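Q: All chains should be built: construct the whole structure from the sequences, respecting the hints.
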Amino acid sequence: MKRVEGTVLFTQESRFMLETDAGERHLFILSHKASAEAQQLPPLQHRQARVRVTYDNDPAIIGYAAHAIDVLPEQRRGQGARQWARQ
Amino acid sequence: MGAAMIAGLPLSNRVRDYPESEFRHPLPHEAELTAGVRIEPGRSYGFFTDTTVCIGCKACEVACKEWNNLPADNLGLTGDSYDNTGHLSANTWRHVAFIEQMADRPTEMRPFQSNWLMMSDVCKHCHNPPCMEACPTGALFKTEFDTVVVQQDICNGCGYCVPACPFGVVDLNPLDGKAHKCTLCYDRLKGGLEPACAKSCPTDSIQFGEVADLQQRAAKRLEHLHAVGVPSAYLYGAPDGPGATGGLKYLNAFFLLTDRPEVYNLPEAPTRPSDRVAPSLLSGLAAVAGLAVAAVALFSRRD
Amino acid sequence: MNFIPLPSPSAARPVSDAYDGTTYYGRPALKPAPFENSVVGSYIFLAGLCGVAQVIATVADVARAPRREGLVRRGRLLSMLAPTLGSVLLVYDLHTPKRFYNMLRIARPTSPMSIGTWILMGFSIFSGATAAAQVAADWVRPGWARLLHGIARTTQVPAAVAGAGLGTYTASLLSSTSTPLWAAAPKSLAVQFGSSSMASGAAALAMAERHAGSRSLARKLDTLALAALAVELGASVVSEATYRTRGISAAEDAAADTRTIAQIGTIAPFALQMLAGKGKRSAGILSDLASLAILAGSFCLRTGVMEAGDESARRPQDYFRFAKPGNLPK
Ligand code: SF4
Ligand code: SF4
Numbered sequence: 001m002k003r004v005e006g007t008v009l010f011t012q013e014s015r016f017m018l019e020t021d022a023g024e025r026h027l028f029i030l031s032h033k034a035s036a037e038a039q040q041l042p043p044l045q046h047r048q049a050r051v052r053v054t055y056d057n058d059p060a061i062i063g064y065a066a067h068a069i070d071v072l073p074e075q076r077r078g079q080g081a082r083q084w085a086r087q
Numbered sequence: 001m002g003a004a005m006i007a008g009l010p011l012s013n014r015v016r017d018y019p020e021s022e023f024r025h026p027l028p029h030e031a032e033l034t035a036g037v038r039i040e041p042g043r044s045y046g047f048f049t050d051t052t053v054c055i056g057c058k059a060c061e062v063a064c065k066e067w068n069n070l071p072a073d074n075l076g077l078t079g080d081s082y083d084n085t086g087h088l089s090a091n092t093w094r095h096v097a098f099i100e101q102m103a104d105r106p107t108e109m110r111p112f113q114s115n116w117l118m119m120s121d122v123c124k125h126c127h128n129p130p131c132m133e134a135c136p137t138g139a140l141f142k143t144e145f146d147t148v149v150v151q152q153d154i155c156n157g158c159g160y161c162v163p164a165c166p167f168g169v170v171d172l173n174p175l176d177g178k179a180h181k182c183t184l185c186y187d188r189l190k191g192g193l194e195p196a197c198a199k200s201c202p203t204d205s206i207q208f209g210e211v212a213d214l215q216q217r218a219a220k221r222l223e224h225l226h227a228v229g230v231p232s233a234y235l236y237g238a239p240d241g242p243g244a245t246g247g248l249k250y251l252n253a254f255f256l257l258t259d260r261p262e263v264y265n266l267p268e269a270p271t272r273p274s275d276r277v278a279p280s281l282l283s284g285l286a287a288v289a290g291l292a293v294a295a296v297a298l299f300s301r302r303d
Numbered sequence: 001m002n003f004i005p006l007p008s009p010s011a012a013r014p015v016s017d018a019y020d021g022t023t024y025y026g027r028p029a030l031k032p033a034p035f036e037n038s039v040v041g042s043y044i045f046l047a048g049l050c051g052v053a054q055v056i057a058t059v060a061d062v063a064r065a066p067r068r069e070g071l072v073r074r075g076r077l078l079s080m081l082a083p084t085l086g087s088v089l090l091v092y093d094l095h096t097p098k099r100f101y102n103m104l105r106i107a108r109p110t111s112p113m114s115i116g117t118w119i120l121m122g123f124s125i126f127s128g129a130t131a132a133a134q135v136a137a138d139w140v141r142p143g144w145a146r147l148l149h150g151i152a153r154t155t156q157v158p159a160a161v162a163g164a165g166l167g168t169y170t171a172s173l174l175s176s177t178s179t180p181l182w183a184a185a186p187k188s189l190a191v192q193f194g195s196s197s198m199a200s201g202a203a204a205l206a207m208a209e210r211h212a213g214s215r216s217l218a219r220k221l222d223t224l225a226l227a228a229l230a231v232e233l234g235a236s237v238v239s240e241a242t243y244r245t246r247g248i249s250a251a252e253d254a255a256a257d258t259r260t261i262a263q264i265g266t267i268a269p270f271a272l273q274m275l276a277g278k279g280k281r282s283a284g285i286l287s288d289l290a291s292l293a294i295l296a297g298s299f300c301l302r303t304g305v306m307e308a309g310d311e312s313a314r315r316p317q318d319y320f321r322f323a324k325p326g327n328l329p330k
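Chains as they are written, first to last, in our numbering: chain A, 1 to 87; chain B, 1 to 303; chain C, 1 to 330.
Hint data in this document are derived by calculation from the structure and do not stem from the laboratory. It is possible that some hints are incorrect.
Stated by the list, open to error - To spell it out: a stretch of chain C is covered by chain B in this simulated footprint if at least three of its residues, at any positions, have a beta carbon under 8 Å from a beta carbon of chain B; those stretches are:
| # | stretch |
| --- | --- |
| 1 | 29-43 |
| 2 | 122-133 |
| 3 | 163-169 |
| 4 | 177-188 |
| 5 | 204-211 |
| 6 | 258-270 |
| 7 | 295-301 |
Said to hold, decoys possible - In silico BS3-like cross-links for lysine-lysine, where the CA-CA straight-line distance does not exceed 25 Å:
| # | chain 1 | residue 1 | chain 2 | residue 2 |
| --- | --- | --- | --- | --- |
| 8 | B | K142 | B | K199 |
| 9 | C | K98 | A | K33 |
| 10 | B | K65 | B | K142 |
| 11 | B | K190 | B | K220 |
| 12 | B | K249 | B | K142 |
| 13 | B | K249 | C | K98 |
| 14 | B | K199 | B | K65 |
| 15 | B | K190 | B | K142 |
| 16 | B | K249 | C | K330 |
Just so it is clear, the structure is predicted and the values come from calculations on it, not from any experiment. Cβ atoms here follow ideal geometry from the backbone N, Cα and C, with glycine treated the same way.
A: Here it is in structure tokens:
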């Protein structure tokens, strides 16, 4: 399973749009196996929270299946972008 | 809301309050400006989809995907006219059907749609919704806008709503294990906004409004079409008409069609599945009861 | 200029009882149920078997059948398969199993799935109490045992009523959908399911009686099973005729193999039991074979109906033929 970090831009039902530190946007669907529930997503959107998503490809859609969402500490916000800038 | 004819269009007087064309803030009761209707809880809202003016641009499909953050599915080409969307699904809540009717000679072609029938299909938000009547968890419910919505925090993915729908609309997403379908933009309605598909429709083939209003508008449009020589036009989903038979009563999202319903992949006379609950249960119980009586007779025989 | 006369609204409606075969690129107009047929089919089979096992045990007890103790005990214990294994199968088939308890949020009389949930709940409680009293009575001193038997004799009545529901509601679960093959013949399908439940319960208990050496009860149960099969055969003829007149029987070919087993399971037992009545030596084996055939047939009836229904939902022409004004309930 793959991992990606980024900001939750917006959510709808069990779907959310993540903007990675590189500025790419990807659509994720929260898998039914994930411990997180869809109703926990809107607060992440309101905070524009930085999260780490553990995910898998899904060949049937242009999007990914999110299996776990870890909220990253707030102070790390922007750090990713800085790292990106340094590279 | 004061409706007035402004530049030939029946628009709200409020349009004069907003001369700019770009806004940095949400407008209160925006639907008044875009659809001429103020959205208030406790009233019935729906769609009137007039297929005679549909140009098959799929703006509605795109707007729906954008607003609802739905992923592209049905990847690939179908080979069936310009319809690569295929069907409504858990991730596709508007579907534009393309029917090519090119057999006629050009002189016999209809004066609209150039013998292409195009129709933007959607959840009908039935007045007596079979999906909701089937849902054992209460996840499917009628909102304060008289629309039918799946509550995602309740649905447990039993899938019973799927075969219940007489129009093949609601669908399970195996990925998140929940049922999904058009919500008639429940979140937008709460914010006073017209649903995304209707707002984006460039020809007003999809009209949003109060159901009673829409039904009147549709009746007028029908009269007009009949008068100008389209006798085949009829309403699908109007009270007790085709599409609203068998106790469905009427569909909040109804259509103006010009060919048989089957041409658009719609059933002419759908039924209300819950009407079959009692007859079925009673017949089954009668059979078991009858056999139980036979068992009593057998068991009480001495040997 | 010539004006076309305004057609009356009803004339503008496409009222036609004949369906001309039009489809939209042959695409399905319905979505088949997303059930896993082997799982839900197994549940329907178990629900029928267990529900009826409770009915038979109760009837035998109430009718004071001679030498009924073994039959009553086995019927009560067999019925426990539905609350246990059956519930597991149901939860397994959910697409979000961890939310199974949401089924208990509401009771909805328009939804056989909700009705069934509550029937299963009631059945589990009363059958569970009956079975528990039975098991306990087998272990304690006679004085206590009489009290426990009294308890079981009371709780078995609501358990049997719920059991009858459990054996039949599954037909209305299928019929109360828009799937043409399930919706076309709700009454006769329910009779098929109900009598097939009765046949399977009687067959299973007959087999157990035979092996426990209680010949006369086994013979009575065999007779009951055959009577149930006869009812099922009659109802299936009605269903088939309905499918044919509605023009939707072609979908049944999708489940041809399963249907064949189901048909063998309803017809072969008659022949086997007749032979068993003649031959003295192999009578037991033949009767057991008949019971097994009934059980297999009962299982395949359910999975076969489910498969064929799914196929009918995928066939737009079947649905359109079915969804015609002529077929509307009067
Ligand atoms: S069209 Fe289907 S999904 Fe939509 S409200 Fe009616 S039954 Fe439910
Ligand atoms: S899948 Fe969800 S919405 Fe559909 S019937 Fe089951 S619980 Fe209700």
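Q: Now tell me if each hint is right for this structure.
A: For each hint, the structure was consulted:
{"no.": "1", "hint": "29-43", "verdict": "holds (count 7)"}
{"no.": "2", "hint": "122-133", "verdict": "violated (count 0)"}
{"no.": "3", "hint": "163-169", "verdict": "holds (count 5)"}
{"no.": "4", "hint": "177-188", "verdict": "holds (count 8)"}
{"no.": "5", "hint": "204-211", "verdict": "violated (count 0)"}
{"no.": "6", "hint": "258-270", "verdict": "violated (count 0)"}
{"no.": "7", "hint": "295-301", "verdict": "violated (count 0)"}
{"no.": "8", "hint": "B:K142 to B:K199", "verdict": "23 Å, holds"}
{"no.": "9", "hint": "C:K98 to A:K33", "verdict": "9 Å, holds"}
{"no.": "10", "hint": "B:K65 to B:K142", "verdict": "23 Å, holds"}
{"no.": "11", "hint": "B:K190 to B:K220", "verdict": "29 Å, violated"}
{"no.": "12", "hint": "B:K249 to B:K142", "verdict": "15 Å, holds"}
{"no.": "13", "hint": "B:K249 to C:K98", "verdict": "36 Å, violated"}
{"no.": "14", "hint": "B:K199 to B:K65", "verdict": "14 Å, holds"}
{"no.": "15", "hint": "B:K190 to B:K142", "verdict": "14 Å, holds"}
{"no.": "16", "hint": "B:K249 to C:K330", "verdict": "15 Å, holds"}
Checked against the numbered hints given earlier, the structure breaks hints 2, 5, 6, 7, 11 and 13 and satisfies all the rest.
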